[in-house]
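Chemist: Kindly generate the complete structure, drawing on both the sequences and the hints.
Position one of the sequence shown corresponds to residue 21 (this note's numbering), numbered consecutively onward.
Don't take every hint at face value.
Listed next, with one range per pair, are the computed distances between beta-carbon atoms [what the hints assert, rightly or not]:
| no. | residue 1 | residue 2 | range |
| --- | --- | --- | --- |
| 1 | V67 | D31 | 17 to 25 Å |
| 2 | P82 | E47 | 22 to 30 Å |
| 3 | D85 | G60 | 25 to 33 Å |
| 4 | G79 | R32 | 38 to 46 Å |
| 5 | I61 | L41 | 18 to 26 Å |
| 6 | E51 | S75 | 12 to 20 Å |
| 7 | G78 | F33 | 16 to 24 Å |
| 8 | L39 | F59 | 18 to 26 Å |
Keep in mind the hints are simulated off the structure, nothing from the lab. Beta carbons: idealized from backbone N, C-alpha and C, even for Gly.
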Amino acid sequence: MTVHGGTGGEDRFTAHDGLWLWPLPPEGPLELVVQWPAFGIAETRVVLDGTELRSLAGGVRPIWD
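Modeler: In structure tokens form, the structure reads like this:
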């Protein structure tokens, strides 16, 4: 995941993240596991729906040809 940019104001900050996922996962559950002990991040897991990710990829539009 990479940060593509952000904006800030007097009392808030927003950022936009994106994920390049290639190749597309198979249909069914996709488990992501992250851990970064140097920054105090313990092992964390989340399950995503690979079928839904594949479906969403069908709506992606290229920025240029």
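Chemist: Check each numbered hint against the structure and report the violated ones by number, ascending.
Modeler: Hints 1, 3, 4 and 7 contradicted; others consistent.
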